[in-house]
Amino acid sequence: MTKRLPISLALLLLVVLGPHMGRAAERTSFNVAWSIYVGWMPWDYADRSGILQKWATKYGIKIKLTQVNDYVESINQYTAGTFDACVMTNMDMLTIPAAGGVDSTALIVGDFSNGNDGVVLKGKGKKLEDIKGQKVNLVELSVSHYLLVRALSSIGLRERDLKIVNTSDADIVAAFATPSSTAVVAWKPQLSEILASPDAQLVFDSSKIPGEIMDLMVVNSAVLNANPKLGKALIGAWYETLALMFKDDAAGKSAQAAMAKASGTTPAGFASQLATTRLFTTPAQALEFMNGDGVIKNMDLVRKFSFEHGLLGRGAASADVVGIVFPAGKTLGDVHNQKMRIDAAYTKMAMDGSL
Amino acid sequence: MVLSSLPFILIVCAYLFYSHARLLENPGDKLLPAPATIATTIHQYAFEEDERSGDYLWWTDTFASLVRLLTALAISATVGLLLGLSIGVLPYLRATVAPFVAALSLIPPLAVLPILFIVAGLGEMAKVILIIIGVAPIIVRDLALRVGELPTEQIIKAQTLGASTWQLAMRVVLPQLWPRLIDALRLTLGSAWLFLIAAEAIASTEGLGYRIFLVRRYLAMDVILPYVAWITVLAFSMDWMLRLLRAKAFGWAENK
Chain Z
1 MTKRLPISLA LLLLVVLGPH MGRAAERTSF NVAWSIYVGW MPWDYADRSG
51 ILQKWATKYG IKIKLTQVND YVESINQYTA GTFDACVMTN MDMLTIPAAG
101 GVDSTALIVG DFSNGNDGVV LKGKGKKLED IKGQKVNLVE LSVSHYLLVR
151 ALSSIGLRER DLKIVNTSDA DIVAAFATPS STAVVAWKPQ LSEILASPDA
201 QLVFDSSKIP GEIMDLMVVN SAVLNANPKL GKALIGAWYE TLALMFKDDA
251 AGKSAQAAMA KASGTTPAGF ASQLATTRLF TTPAQALEFM NGDGVIKNMD
301 LVRKFSFEHG LLGRGAASAD VVGIVFPAGK TLGDVHNQKM RIDAAYTKMA
351 MDGSL
Chain R
1001 MVLSSLPFIL IVCAYLFYSH ARLLENPGDK LLPAPATIAT TIHQYAFEED
1051 ERSGDYLWWT DTFASLVRLL TALAISATVG LLLGLSIGVL PYLRATVAPF
1101 VAALSLIPPL AVLPILFIVA GLGEMAKVIL IIIGVAPIIV RDLALRVGEL
1151 PTEQIIKAQT LGASTWQLAM RVVLPQLWPR LIDALRLTLG SAWLFLIAAE
1201 AIASTEGLGY RIFLVRRYLA MDVILPYVAW ITVLAFSMDW MLRLLRAKAF
1251 GWAENK
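Protein sequences, first through last, are from chains Z and R.
Note that the first sequence covers residues 1 to 355 in this note's numbering.
Note that the second sequence covers residues 1001 to 1256 in this note's numbering.
If you are wondering where the hints come from, they were derived from the structure by calculation, not from laboratory data.
All C-beta atoms, glycine included, are put in the ideal place defined by N, C-alpha and C.
Fair warning: there could be bad hints in the mix.
One side of the interface only, derived from the structure: several residues of chain R facing chain Z at Cβ under 8 Å [as the list claims (entries may be wrong)]:
(1) A1034
(2) A1036
(3) L1090
(4) R1094
(5) T1096
(6) A1098
(7) I1202
(8) A1203
(9) S1204
(10) R1217
Covered stretches of chain Z, as calculated for chain R (at least 3 residues, CB under 8 Å) [stated by the list, open to error]:
(11) 48 to 61
(12) 76 to 89
(13) 97 to 107
(14) 158 to 169
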């Protein structure tokens, strides 16, 4: 029995390692993960309406889109190699795959939060300054935490002036309903629920830090380089879906209604979430944003926050540990460890209609 | 001894192989960190002050979690013993309360979280109550059943000798329930840890479960893996101490 052990062990290793071998090779079928968020609902619609399949067929590939209920888990699975691409924010892209050594490319900058994230205090008429000394419920180390730090720095306070209580996003609405919770930071749709209660006062939101919280479609760089077809199919399907949903006709309305339903809200609720999301509806808008200096400035703020909170790993010596590449060759951080890329090439192709 | 350690060695070997293979492919891989990385992290968490809070995170987390767990287990054991004994001994109480306890024990505690928050707030009490809701009804039911299993001859004999219900409960039933209580505690330890971790994941500022769910946000497996191993060690030693206590204090109940 013991003699067979090495063999079974080797077999076991082969089974678990198998899928990871040859990531960089040319392939024809791909796995993409998404989770529910207003700026990502077009992906679901593109899949259901056949738009995604149409573009995949055009390039002779297959794309399997999987909805993951737990957002962080979807990124973890992407980082582990289960998915070739996944939707995520710029901060999570830096701290999970990029800091984990998985070279990743932001293929599409879909939108930035323009009020989708907010700081709420209990008591009408309260101001941001009143947060001092309070216990604040939020998902620690998430974009909510980042937003709070930015809010505090805008009034000269620091994190040690209050107490952060890590609270799961699934429970944050129930948390605010309890008497012991007086301050929360949340994102939509939970934020809408919280603001619906009569004594909730919004004191700061992401529209005051425009462009710092971006929502992206991130693709494994090795996979993308070996298979540009995947990038073209994804971006083609994305902008076709956006064009469709913002057309002022019955088809556009029905597309938005379908996305509202899939995200568990009403068309009016979905429209209110869209209103606080700066969605780039055309490749030209996205390209202008990606090529601007704002992106570099914002990523610099985000990476400094990430470093100060240990998100780049405890061994990280500075915020420079992960190199970031921007369009037109501008970079931040370590040039020998470039793991996060914001790539405008595909967006340019979409704009020029050369897909 | 050799045989029983074999599965453990096997797991460690598989981990080392797999970790090495992944690190060859990507030196920054976070999923299966190298043993040296894990050792550094353990050192930082257990023996170095955290820069932001000035705490030794490993020990503050352990202390916070153990206080919650032991408080909840002590209350559950007390409730379990009192209620289990009463239900077992008093037929009237059994008729009134037993179906209720049975129903209560079947409610998945995690499903009633929003109600729990509103009743108990978000503080320590909510966490302790979550564990108690998960564990106490099971102990009550178990002990009540054990009372029912006592030989009828014992009860009748005591009653023939003129024992009152109080004497019956205190002198005949209770002494035989103690070792069963320890058994029940040992069996519910696993669930107690489960509910502790779940409670800490929801709203907290320190604790073993809190740390795991926090660092999961950036896939810090070099923290998660040692924490999981540490929880296993803690749970195992609690189980072992309870077994030892049972053997020492209630030797008569040991199966030889």
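- [ ] Find the hints from earlier in the document that the structure breaks and name them by number, from lowest to highest.
- [x] The structure conflicts with hints 1, 2, 3, 4, 5, 6, 11, although it agrees with all the remaining ones.
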